[in-house]
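J.: Chains as they are written, first to last, in our numbering: chain X, 1 to 749; chain F, 1 to 749.
It is possible that some hints are incorrect.
Identical copies look the same in the list; a pair holds intra-copy or inter-copy alike.
Cross-link-like lysine to aspartate or glutamate pairs, in silico, EDC-like; alpha carbons within 20 Å at most [to be verified]:
(1) Lys210 x Glu668
(2) Lys671 x Glu647
(3) Lys644 x Glu607
(4) Lys671 x Glu212
(5) Lys546 x Glu212
These aren't lab readings, by the way, just hints derived from the structure by calculation. Just so we're clear, the structure is a prediction, and the values are computed from it rather than from any experiment.
Number of protein chains: 2
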Amino acid sequence: MDFLTDNVTVASIIAIIASVVGLAFAWSQRSWVLSQNAGNEKMTKIAGAIQKGAQAFLRREYRAVAVLVVVVMIALIILGLIPDSGMSPWTALAFVTGAIASGAAGYGGMYIAVRANVRTAQAASESLNKGLRVAFSSGTVMANLVVSLALLGIGILFIFFTNVLNLDTATAASALAGFGFGGTSIAIFARVGGGIYTKAADVGADLVGKTELNIPEDSPQNPATIADNVGDNVGDVAGMGSDLFESYAGSIIAAITLAALSNMNIAAEVYPLLVAALGILIGIVASFLVQTKEGATQEQLLWSLRKGVYGASAMVAVGIVALGLLLDLGWGVILATLSGLIGGVLIGYFTEYFTSGSYKPTQQLASSAEGGAGIIVIRGLALGMLSTLAPVMIVVFVTLFASWAGGLYGIAVAAVGMLSTLGITLATDAYGPVADNAGGIAEMSELGESVRDRTDALDSLGNTTAATGKGFAIGSAAMTALALMAAFITAVKGGNVIPDTTFAAVLLEPKLITGMFVGALLPFVFSALSMLAVGKAAQEIVAEVKRQWKTIPGLAEGKADPDYETCVGISTDSAIKQMILPGLIAVGVPVLVAILTIVGQDNIIGEFVGSETLVGVLIGSLITAFMLAIMMSNAGGAWDNAKKYIEGGYLKGKDENGNEIVYRKKSEPHKAAVVGDTVGDPFKDTAGPSLNILLKLVAIVALVLAPLIYNSLELDGVNSSTNTDTTITTEQVTPTPEVTPSVEVTPES
Amino acid sequence: MDFLTDNVTVASIIAIIASVVGLAFAWSQRSWVLSQNAGNEKMTKIAGAIQKGAQAFLRREYRAVAVLVVVVMIALIILGLIPDSGMSPWTALAFVTGAIASGAAGYGGMYIAVRANVRTAQAASESLNKGLRVAFSSGTVMANLVVSLALLGIGILFIFFTNVLNLDTATAASALAGFGFGGTSIAIFARVGGGIYTKAADVGADLVGKTELNIPEDSPQNPATIADNVGDNVGDVAGMGSDLFESYAGSIIAAITLAALSNMNIAAEVYPLLVAALGILIGIVASFLVQTKEGATQEQLLWSLRKGVYGASAMVAVGIVALGLLLDLGWGVILATLSGLIGGVLIGYFTEYFTSGSYKPTQQLASSAEGGAGIIVIRGLALGMLSTLAPVMIVVFVTLFASWAGGLYGIAVAAVGMLSTLGITLATDAYGPVADNAGGIAEMSELGESVRDRTDALDSLGNTTAATGKGFAIGSAAMTALALMAAFITAVKGGNVIPDTTFAAVLLEPKLITGMFVGALLPFVFSALSMLAVGKAAQEIVAEVKRQWKTIPGLAEGKADPDYETCVGISTDSAIKQMILPGLIAVGVPVLVAILTIVGQDNIIGEFVGSETLVGVLIGSLITAFMLAIMMSNAGGAWDNAKKYIEGGYLKGKDENGNEIVYRKKSEPHKAAVVGDTVGDPFKDTAGPSLNILLKLVAIVALVLAPLIYNSLELDGVNSSTNTDTTITTEQVTPTPEVTPSVEVTPES
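Working from the sequences, and respecting the hints, build out all of it.
T.: Here is the structure:
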């Protein structure tokens, strides 16, 4: 396939064509959505207010961000013009292009979302399937805008840099990083600003509406209702769009940069572009798989969306294999890409498991509400911490596998693979807020109950896909960040220019970084388990106290003594029983890693686990345990003292007539403070302090086992031949000649 | 001072003597406390129940842990006996000694605490000063047990290993690590088990007592009251004791190990022992500074405790300078030790700032309770996240400064310095639970109101010192973990045996690890700011909605339309305004580090900030942003769905008569679930998703600036001479000859 691998032009053109097809599809979907019935006058009026508010916000936001974009652009131009700065002034062009493309994707996605919401409500009054089609079509507009504009920008810039400006690919790739930076600059403000907007409006509306004015959610009497609906769009649609725009562009850029900096062959440079192009085209095909029949259950609705995602994944997988063979990149690169693709699907699955009401974790969370506000908050936090386990371990496995199969480049293409189906996964995700808005509009316009039932079904489905989508967004962001980091270290430390392995080899060692992830997990899992243990043990105490009040005559009247000892015994039993698991995990993980390091010296295990893993676990657990411990201790202490502050009569407020009142025990603020204190108690007294030990435990276990590890490395000749096992190479595909720099150790004086 | 530096024996003997003095002081304080009046019959009965429960728990806990200790011991012996394993079988001996010493310190501290509580209550009925003295004396018993047993164990083992077994100091130091491991094995279970116990009893007692039985806190009618009081002792006294035992021992062992492995002179090996010995003796002197006069205010009470800590710190600082000069270690090591000492005091101060009701953060937290349970929970979490800033930055500065002044050894002695005043800081900390218990006993025994007022004052003071103590415990744990990590990497990668710099030089680079800390901070600070922004913006919405209801005629009756646009405008304004700070921090920190890297090439700045810092920021933010993002998204999603699950009528419970009931909207569990959802909303829709961008932002900024950094490094000849700037050396004190191994880069195939 020489025409593809002679230079990057053909592949860039293919990418551009795929993007244009994607844009055309987005346009056709947009036109179809807009051609739908927009409902009665009341509905159009409400929808009009939402449209106006959303667009006003985006305009204001973009105006604010534009200042930053211009400042950064000027800075980049100046840096690029300074002689010997090493930066290309064209980075500034890529930056502005990225910012504009990301902004356009967000704006376009929101434009259609605020018009699809009312049409979804109207369509739902006709049939469930039609409602689903309208909302989902709006999602596909957004998704295709994101992937197409990202790939289009990269394709055009790449051709411009290499063909018009005749930059070498390494410089072109480096300037291309500006495109990603532009996208991120928009994204950070879109996510933060949109996030604040959406929750401020929501929380504010709820607070005053439910507690003070006594009007239902989404009541048209609440002045903040429209702001609440606007929030759904600016946060979840525009924000999510620019977030994934950046991941998508970032992963492709990282892969190209790594290929270019490491002097890999042209095939490695064009491969990410072609995988992305393929993904766009397949995403379009797969979006036609999404439909359902009337009266579908929640499972059937979910399955209809899943069909699209799974179908696209299967087709893309076949395409990746074909592409890899066609470009002669070898199975290493193919498998690395596939591992990312599969990892993305798995992350989505586990996110659903932890957050959907159809599975145990959320059901148990609901049951814990019987224990009161504090208990469900604690349990939810614990659940959140525990849920880090699956996605982080999936990223760990994908990283280890991809780098084993394809080196650093493998990590980057794994990220590309994970994001290759974005055209359809983002569509299912962007569908959520449209369905949510549709429900709100149906409520406010007082449509019939059957319509409301349908929009409820669509909305509930949207919550599930939104959660899955969030998980996918986080996982792919982490993979992209890893890929970008690899590209950065390669770039700073010389890449092909001056091979400097000391720094790069160590930090680019996947065992180290994955070890850090595992280490970072430990404090989260450990805290989660200890907080859950408190809840369980407290339940046993409650049951026993109730039993005594029922069975001991005179106790309730204060005439008989309770049986304190049984309570002490129960506390003792359950504390001892429940400390075992977290304790063993803390001691066990470093020991397990050490054992794997030693037994893995001569075999495949050593490719994935080594002394670098143990160092990584050490560093990772140190970092997150430190942060979490401080946060938990201080939050707990502050809640406790805030409660005491109120009890001391220091908190003053105003009553309805504007007179000053002092809040005391049993006042509403005091009750709220008690909830805070209940959350804070296991924070500051169970999980937080235990983390101190974890901090040191991992380090001390490592230190104790150090001679063992050192010796096993020495026996295998690793130490004497200086670390060949830790040398990671980006030259998986086309090895460069060996280099032998000398390292000097100069003691500082 | 040849007699001190000829061999380690003299210093070990001095350490042993200081420990024995400390133990004797602890014994005299114990006798004094026990000689105090234990109050009336009712009080003795209550105190007896607490004593029995606490001792039963510790016995059960130790029995459970003993199994683990024996298993680990056998494993260590086997590993030590395997030929060529590199481990000394004496590690097992050190391990068991450490476990026993840590257990004894915890047991002894608790023994006196459960006897001092009732005597404090009785003494408080005489005078405030007397109550303070009794409670504080009990704290000094505990504190001196911890430091003395730790130093005694290290001193005796060290003499035994070097003089009786004639091990070389490197092997002796390596075996000594087992002592720390033994301490940690106890600590992990003491902290987790004690933490679960204390909060299970507390939460359980509160839940059933306040909400179901309607009896006040600490009521003798509640069967769980005694368990609650037992919990204070097993969690805060025994757990805290074994925690700090481990930090204290770990820091000394790490310093000795680094000195021994790096072939530093004997002075460097004996210095940590002597600093610790000095700290014990000064702590005893300083504890006499703690007293107060009758009718003292809260500030005066606090100051009386502070006098002890600050006095001890000042004296130890003088002693450290004298010792360093005496041993001829140079100002580098002295300053490193002092930086740790000062850092510890500062961490305590900032912890107090963030958690005490005397300062703004907690007061504002209390005010936020007016917004309801969800709001105060969110704000408390945000406050906790924000409060990571000070301690982490202090540890960053101490690490950078100490390693600049004294290399890796400097980091270890900074940890030793921070913990050198433990004899007094732990005493003020262990005082808290005793005062707390005294209050409970006074309440249960129905002592007079004036007594209760005094115990309340003592208790409230105890809350403050407990928070400060927790901050100190976390900070010193992090420093100790860093020191242990440095010792581990030095040990695994050869130390003086085979100088292998590739791995060790990079990972022991303080710029890298401190960069990671700064990076890890970013997601916490960023999330905190965005969550606080939601609160602020929501308040504005609430005010506007109220204003409209007051001023628009007919709105409340549903006859007039509200002014939606103003609400939309307010949301827009405040979201735009509040997105600036978090956004700028996210973009600004990596840019700032990059700028410092470039300008710091030829000057002092380069000693503390470099491209390694930027890589560290990248890795650190990647790790914590990934974890936090998953946790927040999933917890938010699960709370949301748990609420919906209840609303759907899936949650069933039993009413008082045991009949099944279905919980719906407005039921108590539903209200609790709404609180969870309110906390989850900004988690999953504001902070969580914004973290995705942060993940990539830091990486992409770094990548964009990569050519700049690369070029500035190249111009300065750093890249061509391969990294002399990143070479960290442990040979600060006695440089070893230069070594020049060659590094081979072997591309994997």
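J.: Now tell me, hint by hint, if it's right for this structure.
T.: Hint-by-hint comparison with the structure:
With identical chains, the CA atoms of lysine 210 and glutamate 668 are at most 20 Å apart both within one copy (15 Å) and between copies (15 Å). For a Cα distance limit of 20 Å, the shortest separation of lysine 671 from glutamate 647 inside one copy, 11 Å, qualifies, whereas the shortest one across copies, 24 Å, does not. Neither within a single protomer nor between protomers do lysine 644 and glutamate 607 lie at most 20 Å apart by alpha-carbon distance, with minima of 55 Å and 46 Å respectively. Within a single copy, lysine 671 and glutamate 212 get their C-alpha atoms as close as 17 Å, and across copies as close as 15 Å, so both meet the 20 Å cut-off.
For a Cα distance limit of 20 Å, the shortest separation of lysine 546 from glutamate 212 across copies, 9 Å, qualifies, whereas the shortest one inside one copy, 36 Å, does not.
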